[in-house]
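There are 4 protein chains.
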Amino acid sequence: MKRPLEPSQTGLHRVVGLTDGVFAIALTLIVLEIRVPAHEAIRSEHDLLAAIAALAPRFLTYALSFLTLTIFWFGQQAQHGLIARSDRRLATLNLCFLAFIALLPFSTDLLADFLEFRTAVLVYWLNLLMLGVTLSASWHYADKSGFAAEDLDAETKRMVYLRIVKAQVLWAVGAALCLISPLLSVGFMLVVQLVYAISPRAALVRKIIG
Amino acid sequence: MKRPLEPSQTGLHRVVGLTDGVFAIALTLIVLEIRVPAHEAIRSEHDLLAAIAALAPRFLTYALSFLTLTIFWFGQQAQHGLIARSDRRLATLNLCFLAFIALLPFSTDLLADFLEFRTAVLVYWLNLLMLGVTLSASWHYADKSGFAAEDLDAETKRMVYLRIVKAQVLWAVGAALCLISPLLSVGFMLVVQLVYAISPRAALVRKIIG
Amino acid sequence: MKRPLEPSQTGLHRVVGLTDGVFAIALTLIVLEIRVPAHEAIRSEHDLLAAIAALAPRFLTYALSFLTLTIFWFGQQAQHGLIARSDRRLATLNLCFLAFIALLPFSTDLLADFLEFRTAVLVYWLNLLMLGVTLSASWHYADKSGFAAEDLDAETKRMVYLRIVKAQVLWAVGAALCLISPLLSVGFMLVVQLVYAISPRAALVRKIIG
Amino acid sequence: MKRPLEPSQTGLHRVVGLTDGVFAIALTLIVLEIRVPAHEAIRSEHDLLAAIAALAPRFLTYALSFLTLTIFWFGQQAQHGLIARSDRRLATLNLCFLAFIALLPFSTDLLADFLEFRTAVLVYWLNLLMLGVTLSASWHYADKSGFAAEDLDAETKRMVYLRIVKAQVLWAVGAALCLISPLLSVGFMLVVQLVYAISPRAALVRKIIG
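Protein chains in written order, with numbering that gives the first Met the number 0: chain A, 0 to 209; chain B, 0 to 209; chain C, 0 to 209; chain D, 0 to 209.
Be careful, since some hints might not be right.
With a straight-line cut-off of 30 Å between C-alpha atoms, the simulated DSBU-like cross-links for lysine-lysine are [unchecked claim]:
hint, chain 1, residue 1, chain 2, residue 2
1, D, Lys143, A, Lys206
2, B, Lys165, B, Lys206
3, A, Lys165, A, Lys143
4, A, Lys206, A, Lys165
5, C, Lys165, C, Lys206
6, C, Lys156, C, Lys143
7, B, Lys206, A, Lys143
8, D, Lys206, D, Lys165
9, A, Lys143, A, Lys156
10, D, Lys206, C, Lys143
11, B, Lys143, C, Lys143
Far from chain D, by Cβ distances over 10 Å, these chain C residues were calculated [claimed, not checked]:
hint, residue
12, Leu17
13, Leu28
14, Arg34
15, His38
16, Ala101
17, Leu102
18, Asp108
19, His139
20, Ala148
21, Leu161
22, Lys165
23, Ser180
24, Gly186
25, Phe187
Don't read these hints as lab results, they were simulated from the structure. Values in this document were obtained by computation on a predicted structure and should not be read as measured data. We put the beta carbon where it would ideally sit given N, CA and C, even for glycine.
With the rest of the complex left out, here is chain A (with noise of 0.2 Å):
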């Protein structure tokens, strides 16, 4: 007999699907806030490219926030591949992260607009941070109830943790280089990122970033 959202894995399916669509959304707006210079202001090929120059900083932390999306779909989408059913506790906790997701335009912007205050920087950590939060209490919930695949040994489960654990160490790093310089703090943050997006195969760095 038939009853509504018992765990399934219909469910998971559906949780992907909005996923994918939040993340393409995040992905597109944080680019919306690189805007094009009003037109009154240039007379000169050489004003057009001073203006576009100036959105320097938006492109850093277009580049930022986009690396930040990837690593975090990435980061949701290893933890579905090992997830083989969803209930609704589990899907409420996936769009908790969904929320966080959807508010990273925010603090990039906030980022970009306020690049050289601590505070800027410490919202967008913290954004970061509960991004990291949400990632492990669904992981740690899909566990407990059971929802992992089946063929699962205790390495595989407990490295999606330290995978977490890792990569919020090190953006507590960068936020607390913000003490030194906001600037410092961004920089450290986007090497990060880098790493983890072109994840090198050098034994170092792969034991790093877990």
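Since chain A is already given, all that's left is putting chains B, C and D on it; use the hints.
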């Protein structure tokens, strides 16, 4: 012989695709109203912190609407899980439901901007009501037309209605509270949404929210 | 041996995915023009009610465009249900159709802003016309290229055209009414869309809308 | 034993879902810059007609970008059709491609606003170039890593590159034309995109566009 738009499973899949899209966009649009403070007004870390703190009502209504979207996403998903086929009329009812989902960012903004006005609360509640009405209507039509999955008993069918009605009663109570204070109203609704989102296993709560 | 972009079922699936995305966004964008009243102008509940009432033309054009999108979504879906494969040219025709779907929020806003001007009605109608033209063109190409499902009889094939033509005739009549009054024009179109959306079973109406 | 994010077909499906989302949004965002004329400035049908006529450059760049998006959508789809699996690195390359797709609405707006400036044409061209670069890079990586479908011959593999290079050469010629006149440049690119979109069967054209 094939005929266009006959009741089919494909029709149902398409509605699901469109639904996930509309929800993903709605989830992201409600964030857009959390605007980054204007750069000119900010001269110190303290100014920026104060400006972000001033965004609190927006974060509150964001949380409220995110939960609302979550709940209705599950509501429609629960229904789709019990329906085997869809025809054009059922799809139209589903789209009417989506029309009110698409209006939710508007109602949310109105609420965030005019948190002290009863009218804003009532518009928000009207939106919730119409979501319930269209959801009930589509379930009524699907059941009447024999689109429900075959292995469904009368008890489960009744439960679908009951859940919708119970939620609507709770929201109506919440809306009525705006006679005392609009903020109380919003607070009550937020608690209701939280309870639904967490969906605790306590017997008493189970009985109330169905 | 595999070759890129040969006529295939996958090609059709991809077009469907893109279509649902564009429709979901268009459905949501037309709401964005229903703007929350400015806070400064509102001092009492009465002011807020009046400001919301003043949004009536926007809600009218929102309803109109939502119905229009619904109808064309069904129109393309009906076609896709009758097509077994797609090649690059057919996909391009489908994308041209989507280009005019993406323009609909613009035409809708224009109509809402200039409800008293015939030009606005004509631009809106032109958009509807182009949707019909691209829809017919893609059906013509699919049929001619042998992409239609095999178990399709000539009668059904003809019916696809007939439905498009009948709707276009009704809209053309609606557009022509703007010679008397633009508002009459919009009202007539709204009734036409409503009839299509509800798609009543009455024999007379069936005959008119095909 | 399952491991997260191993090369798989699922990984490819997820990239496809995200891709369709980003393209759908980009297709719709480029329309957003076609703004409805301000109501105050319009007093007669003639004023409105003139205001709409003044939007002509925006419709031109809209058509240009719509065609561009179409072409690259096919480009990536052609590649995906030839690839059997995807790993994390390939997905990252695909996302880099999407990062430049998401930038296209910005380049398009810049072009529409500064149609008379060479800088705007060059930024647009740079965007097209980066799309080609990321597309080539992902094909190179997929081929090198053995992710290509098994029944693929060397000729087809080479053809994928050739098509990208030929298109890039044509756009480079178009961009170079801005030394004579930016408008000529845009006109030339528009013709190129049209030829690709229509993809005529004439032997000579086939040879040029590959």
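These are the hints, each one checked on the structure:
1. Of the supplied pair hints, the one linking Lys143 (chain D) and Lys206 (chain A) holds, its CA atoms being roughly 26 Å apart against a limit of 30 Å.
2. Only pairs whose Cα atoms come within 30 Å are accepted, and Lys165 (chain B) paired with Lys206 (chain B) is accepted, the gap being roughly 10 Å.
3. At roughly 22 Å between alpha-carbon atoms, Lys165 (chain A) and Lys143 (chain A) fall within 30 Å of each other, so this suggested pair holds.
4. Among the hinted pairs, Lys206 (chain A) with Lys165 (chain A) is consistent with the structure: their alpha-carbon atoms are about 10 Å apart, no more than 30 Å.
5. A distance of roughly 10 Å separates the Cα atoms of Lys165 (chain C) and Lys206 (chain C); the hinted pair therefore holds under the 30 Å criterion.
6. At most 30 Å may separate the alpha-carbon atoms for a hinted pair to count; Lys156 (chain C) and Lys143 (chain C) meet this at roughly 11 Å.
7. Simply put, Lys206 (chain B) and Lys143 (chain A) have alpha-carbon atoms about 26 Å apart, close enough for the 30 Å limit, and the pair holds.
8. Taking the CA atoms of Lys206 (chain D) and Lys165 (chain D), the gap is about 10 Å. The hint holds against a cut of 30 Å.
9. Under the criterion of a C-alpha separation no larger than 30 Å, the hint pairing Lys143 (chain A) with Lys156 (chain A) is consistent with the structure, at around 11 Å.
10. With a C-alpha separation of about 26 Å, the suggested pairing of Lys206 (chain D) with Lys143 (chain C) holds against the 30 Å cut-off.
11. For a cut-off of 30 Å, the pair hint linking Lys143 (chain B) to Lys143 (chain C) is broken: about 40 Å separates their Cα positions.
12. Residue-level check failed: Leu17 (chain C) sits 5 Å from the nearest beta carbon of chain D, not beyond 10 Å.
13. Consistency note on Leu28 (chain C): stated as away from chain D, yet its beta-carbon is not over 10 Å from all of that chain's, at 7 Å minimum.
14. Here Arg34 (chain C) stays apart from chain D, with its beta-carbon at least about 13 Å from theirs, past the 10 Å limit.
15. At the 10 Å boundary, the C-beta of His38 (chain C) stays outside the reach of chain D, the nearest C-beta of that chain being 21 Å off.
16. For Ala101 (chain C), the non-interface assignment is contradicted: its Cβ lies about 5 Å from the closest Cβ of chain D, within the 10 Å cut-off.
17. With a cut of 10 Å on Cβ distances, Leu102 (chain C) falls inside the contact zone with chain D, its closest approach being about 6 Å.
18. For Asp108 (chain C), the condition that its CB be more than 10 Å from all CB atoms of chain D is violated, with the nearest at approximately 5 Å.
19. The Cβ of His139 (chain C) sits about 15 Å from the closest Cβ of chain D, beyond the 10 Å cut-off, so the non-interface label holds.
20. No beta-carbon of chain D is positioned within 10 Å of the beta-carbon of Ala148 (chain C); the least distance is around 22 Å.
21. Here Leu161 (chain C) stays apart from chain D, with its beta-carbon at least about 28 Å from theirs, past the 10 Å limit.
22. The beta carbon of Lys165 (chain C) sits about 28 Å from the closest Cβ of chain D, which is more than 10 Å, so the claim that it is off the interface holds.
23. In this structure Ser180 (chain C) is separated from chain D by more than 10 Å, as the shortest Cβ-Cβ distance comes to about 14 Å.
24. With a least CB separation of 20 Å from chain D, Gly186 (chain C) remains clear of the 10 Å interface cut-off, as annotated.
25. Taking the minimum C-beta to C-beta distance to chain D, about 20 Å, the non-interface status of Phe187 (chain C) holds against the 10 Å cut.
Violated hints, in rising order: 11, 12, 13, 16, 17, 18; the structure is consistent with all others.
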